[in-house]
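Enquirer: Turn these sequences into a full structure, and let the hints guide you.
Protein sequence lines correspond, in order, to chains Y and Z. Numbering-wise, the numbering used here puts 319 at position 57 of the first sequence, and it's gapless, one number per residue. Numbering-wise, the numbering used here puts 475 at position 2 of the second sequence, and it's gapless, one number per residue.
These are calculated hints, taken from the structure and not from any lab test. Quick caveat: nothing in here was measured; it's all calculated off a predicted structure. A virtual CB, placed ideally from N, CA and C, is assigned to each residue, including glycine. It is possible that some hints are incorrect.
[What the hints assert, rightly or not] The calculated lysine-lysine pairs, modelled on DSS-like cross-linking and capped at a C-alpha distance of 25 Å, are:
1. 588/Z to 293/Y
2. 364/Y to 530/Z
3. 588/Z to 610/Z
4. 364/Y to 588/Z
5. 364/Y to 610/Z
6. 610/Z to 388/Y
7. 603/Y to 293/Y
8. 588/Z to 605/Z
9. 293/Y to 605/Z
10. 603/Y to 610/Z
[To be verified] Derived DEER-like restraints, expressed as beta-carbon distance ranges:
11. 543/Z to 383/Y: 51 to 59 Å
12. 405/Y to 609/Z: 35 to 43 Å
13. 547/Z to 382/Y: 44 to 52 Å
14. 384/Y to 564/Z: 31 to 39 Å
15. 651/Z to 391/Y: 41 to 49 Å
16. 386/Y to 606/Z: 23 to 31 Å
17. 391/Y to 543/Z: 21 to 29 Å
18. 293/Y to 729/Z: 38 to 46 Å
19. 543/Z to 628/Y: 53 to 61 Å
20. 298/Y to 648/Z: 39 to 47 Å
21. 338/Y to 535/Z: 39 to 47 Å
22. 405/Y to 535/Z: 38 to 46 Å
23. 587/Y to 547/Z: 57 to 65 Å
24. 651/Z to 624/Y: 49 to 57 Å
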Amino acid sequence: MAQPSLTVSTERSGQLNFVGDWTLEHYHLLKQQLNILVEHQNLISAETEIDLTGLTRLDTVGCQLLIDHIGEDHWQAWLAQPNDRIAEARRQLLLTVMAALKEDGSVATPRQSSLLADSLASIGQKFSELSAHSLQLIAFIGLSLSVLLRVLYQPKRWRITSFFAHLEQTGFNALPIVALLTFLIGAVVAFLGATLLTKFGANIYTVHLVAFSFLREFGPLLAAIIIAGRTASAFTAQIGSMRSHEEIDAIRVLGLNAIELLVIPRLLALLVALPILTFVAMMSGILGGMLVAQATLDISSTMFLSVLQQNVGLHHFWVGMAKAPFFAFIIVMISCLEGFKVSGSAQSVGEHTTASVVQSIFMVIVIDAIFAVVCMEMGW
Amino acid sequence: MNPIIEVRQLHNQFGRQVVHHQLDLDVLEGEVLSVVGGSGTGKSVLLRSIVGLNQPKSGKIRILGQMLQQLPSSERSALEQQLGVLFQQGALFSSLTVAENIALPLLEHRGLTRKEAHQVALMKLGLVGLPKDAAQKFPANLSGGMIKRAALARALALDPRILFLDEPTAGLDPISAAEFDQLILTLRNALGLTVFMVTHDLDTIYTISDRVAVISQQRVLVNDHIDLVAANPDPWIQAYFHGPRGRAAQQAQSALLSGAIA
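Expert: This is the structure in C-alpha cells:
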C-alpha cells in the first residue's frame with residue numbers, strides 16, 4: 263500500500279501532484295494532505311495544473327475529497343481538455359462521483375425547538391394518541407363481537423383446528439408455569455400468615471388467609487398476568503409479523519376475514535383456557551399454603567381441609583372464576599389489536615409487543631379492581 | 474486473469490436434500506459473472522456459502538486466496554470488508570435511517586467521524602441515484618426500488634473489491650433496471666470491481682455480464698461467455714436462452730451492438 267500524498271509546486275501557475283493510494287483506508291491522511299488547499303485558497307487558480315499520474319489507487323471516497331477540495335468547475339475544465347493524463351476508467355469514476363455529488367435536493371435540517379414547547383407537544387401528542395387508542399380498542403371489540411356472533415351460528419365457519427392449536431399453546435403448555443408460580447406464592451402467603459398471626463395466637467386463620475386470597479384474587483390475577491406476559495406477546499408478534507409480510511393484506515384480497523381467521527379462534531381458545539388455568543392456579547396456591555401450614559404451624563392437611571370446607575363459602579370460588587373470562591377477553595382484544603397495528607419494520611413488531619403486554623397487565627388489574635369494588639358493594 | 478474466488482468440490486445439503494454436489498466455480502478478477510439456474514437450484518445458497526453465511530457440508534472456497542471459514546475472526550473481518558453484499562430484500566437495518574445504514578460500516582471500520590461518514594453516505598446515495606432527501610428516511614418509508622438502491626449504497630460503503638448481488642434488478646422498473654446495469658458497469662470499470670450476480674433478468678445478463686454460470690443438476694453445468702453458454706445443447710439452457718424472453722433480450726443486445734458499430 264502506497265502512502266498518499268499531495269505536493270504543490272508553485273512554478274508558473276502552479277501544479278498539484280497527487281501520489282499514492284487515495285482511498286477510504288487513508289481517509290484521515292487524505293484530509294490532512296488536502297488541508298494545504300484549505301489553508302491556501304490562492305494556490306488554486308483556473309490554470310492550476312493537476313497531475314494524477316502518480317496515483318496508484320483511487321476510489322469513490324478519494325474522488326469525493328478531490329472534488330470537494332479542488333472544486334467541481336476546475337475538474338470539469340480539466341477533464342474537458344483533450345488529454346491522456348488520466349485513464350478512461352478514472353475519468354469515468356470522477357465523472358460518476360461528480361454526478362453523484364451534484365444530485366440536488368437539500369437535506370432537511372431539524373427544526374429548532376425549546377424544551378418547554380417540546381414537552382408540552384409530547385404531552386399533547388400522548389393524550390391524543392391515548393384517546394385515539396381507546397376509541398380504536400372499543401371499535402375493535404365491537405367488530406370482533408359482531409364477527410363472533412355471525413360465526414357462532416354457522417358451524418361451517420368454525421375454525422376447529424386453529425381453535426385447538428391455540429388451546430394447546432395458550433392453555434395446556436402454560437399449565438406447568440402457572441402451577442409452579444402459584445404454588446410458590448401460596449407458600450409465601452402462608453409464611454406471611456404464620457409470622458403475623460402467630461403473634462395473636464390465631465394460627466388457624468392462616469387457612470382463611472390462603473383460601474380467601476387465592477380463590478378471590480391471587481388465583482385469577484396471577485393466571486391472567488402470566489398469560490398476559492406469555493400469550494399476549496405471542497399473539498401480537500404472530501399477527502404483527504404476518505402484517506409486516508403483507509399476509510393480512512393477502513387474507514383480505516382472498517376475500518377472507520382476518521378477524522374471523524385470526525382473532526376469533528384465539529379469543530375462544532383463551533376463553534376456555536384461562537378459566538382452566540385459573541382453577542389450577544387456585545388449587546396449586548392452596549396446596550402450597552397447605553404444605554407450609556403443615557410444616558411450620560402444625561396444621562395438618564385434614565384440619566386445613568375441614569376448615570376450608572366449613573368456613574370458606576363456595577361463592578368465593580365463583581367470584582374468582584367469574585373474572586377469568588373477562589381477563590381472557592381483554593387480553594385477546596388488546597394483543598390482537600396491537601398486532602394489527604404493526605407497520606412494516608421489525609422494530610414496530612417489538613414496540614407493539616411491548617405495548618400489548620403492558621396494556622394487558624394494566625387492564626387486567628383495572629378490571630380486577632372494578633370487580634373488587636362491585637363485589638364489596640354487593641356483599642358477595 | 475487470476476481467479477479471485479475459487480470454489481472446489483462444494484457440497485451443500487439440507488436434511489436429505491442435496492443442493493450442491495461437487496460444485497466447482499471460478500470467478501475471475503474484474504469480471505461480471507452472472508449465475509443463473511431454475512428456482513431452487515441453490516443460486517442463493519451458493520452466494521451465501523461464498524460470503525460465509527452458510528457453512529458448507531464439505532468443499533473448499535477461497536476468496537482473494539484465503540479460506541474465509543478458517544480464518545481467525547480479526548482476519549475474517551478484514552476479508553469480509555473486501556466484500557459487499559446486496560441482499561435480495563435489501564436487508565437495510567429498519568431502526569436506522571438510510572444515511573445511518575450507509576454510515577455504519579464507515580463508523581465501525583474506518584473510524585470516520587459522524588459528520589464525515591454522513592458526507593460520504595450522501596455521496597454514495599448520489600452514486601446509486603437516490604435523491605438526498607432519502608437520506609433521513611427510514612427503510613419502511615421507501616419503495617422497493619429505492620430500498621434496492623439504498624442497499625447497494627450500503628454494500629459499496631467500504632469500496633469493496635468483490636460485489637455480490639442477489640437478484641439486483643428484480644422488482645425494478647425497466648428504466649431503473651437499465652440504469653442499475655450501467656451503474657454496475659461504471660463502478661466495475663472505475664474501481665476494478667469483481668461482480669458476482671445471481672439474476673434472472675435476461676437483459677441484465679446480456680448487457681453487463683462477461684461470463685455466465687449455469688447451475689443445474691447440483692453443479693455448475695457450464696461457465697463461459699454468454700454466446701458459448703447459449704449454444705450449449707442442454708435442454709434447460711436451450712429453453713432459458715432461446716425461449717421468447719431470451720430471444721428478445723438477445724435481439725435487443727445485438728441491435729445495440731450493431732448500432733454502435735454502424
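Enquirer: Name the hints, by number, that the structure is in violation of.
Expert: 2, 7, 17, 22
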